[in-house]
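Trainee: Could you build all of it, start to finish, from the sequences and the hints given here?
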Amino acid sequence: GAGVSQSPSNKVTEKGKDVELRCDPISGHTALYWYRQSLGQGLEFLIYFQGNSAPDKSGLPSDRFSAERTGGSVSTLTIQRTQQEDSAVYLCASSRNQGRGRRNEQYFGPGTRLTVT
Amino acid sequence: AQTVTQSQPEMSVQEAETVTLSCTYDTSESDYYLFWYKQPPSRQMILVIRQEAYKQQNATENRFSVNFQKAAKSFSLKISDSQLGDAAMYFCAYRSGVGAGGTSYGKLTFGQGTILTVHP
Chain A
1 GAGVSQSPSN
11 KVTEKGKDVE
21 LRCDPISGHT
31 ALYWYRQSLG
41 QGLEFLIYFQ
51 GNSAPDKSGL
61 PSDRFSAERT
71 GGSVSTLTIQ
81 RTQQEDSAVY
91 LCASSRNQGR
101 GRRNEQYFGP
111 GTRLTVT
Chain B
118 AQTVTQSQPE
128 MSVQEAETVT
138 LSCTYDTSES
148 DYYLFWYKQP
158 PSRQMILVIR
168 QEAYKQQNAT
178 ENRFSVNFQK
188 AAKSFSLKIS
198 DSQLGDAAMY
208 FCAYRSGVGA
218 GGTSYGKLTF
228 GQGTILTVHP
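So the sequences go chain by chain: A and B. Note that the working numbering has the first sequence beginning at 1, numbered continuously upward. Note that the working numbering has the second sequence beginning at 118, numbered continuously upward.
Treat the hints with care, since some could be wrong.
Unchecked claim - Partial list, derived from the structure: chain A residues whose beta carbon lies under 8 Å from chain B:
hint, residue
1, 21
2, 48
3, 65
4, 108
If you're looking for bench data, these hints aren't it; they were derived computationally from the structure. Keep in mind the model is a prediction, meaning the values are calculated, not measured. From the three backbone atoms N, C-alpha and C, an ideal C-beta is built for every residue, glycine too.
Mentor: Following this line, the structure appears as structure tokens:
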């Protein structure tokens with residue numbers, strides 16, 4: 001596709017349920033990032049993938065959060081036993097991650113707004 | 118760890134006038150990038166302008182320009198001839214530079230954002 005896509009656009013779930021958020025990066029982009037945007041914490045990094053491996057998971061807030069990437073493409077962010085404080089917009093970005101200049105720019109998807117009731 | 122600070126939660130400007138958004142950052146690295154992103158109500162983060170720390174010349178993109186003061190660790194965004202479509206949340210962001218082998222691991226560290234309102 002032309003850009004990064006994310007699904008669903010909006011998700012409302014009950015406290016305690018599990019949710020899966022999906023990200024389709026730009027074709028050929030080896031790097032993929034998840035960020036979270038919430039009122040209290042601003043925009044924060046969650047996890048970084050290079051290919052299918054995740055060398056940096058330092059931003060995941062708890063062990064209820066996990067992510068995987070398959071085929072060097074699609075990534076899924078899973079939140080188990082959701083809590084109200086998980087309510088936020090989850091943004092995904094991808095890049096080529098090589099060299100200088102525009103080749104390593106991050107392109108963002110439109111995000112998934114998660115509401116935990 | 119790097120930090121990015123935007124001290125202006127909200128700014129406003131009249132259409133066709135100029136506005137400057139402030140950003141300061143803290144880092145011990147010498148090679149890094151700085152960015153300004155725009156986020157309209159659609160949530161889509163749009164890259165406005167980028168600056169590489171090793172370049173002394175300030176970046177410009179049409180009506181958008183930056184004032185990059187490396188020693189002061191300051192990176193402000195100037196929007197000239199403001200348009201109604203410029204209204205959005207603006208984020209300043211930091212990223213480490215190119216590492217060994219040309220790879221560029223680049224998680225972004227964002228400031229808190231500045232809401233820009235443009236009055237007709």
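Trainee: Decide, hint by hint, whether the structure agrees.
Mentor: Status of the hints after comparison with the structure:
1. 21: 14 Å, violated
2. 48: This hint holds: residue 48 of chain A lies near chain B, its Cβ roughly 6 Å from the closest one there, short of 8 Å.
3. 65: 16 Å, violated
4. 108: Where the cut-off is 8 Å and the nearest Cβ of chain B is about 4 Å from residue 108 of chain A, the hint holds.
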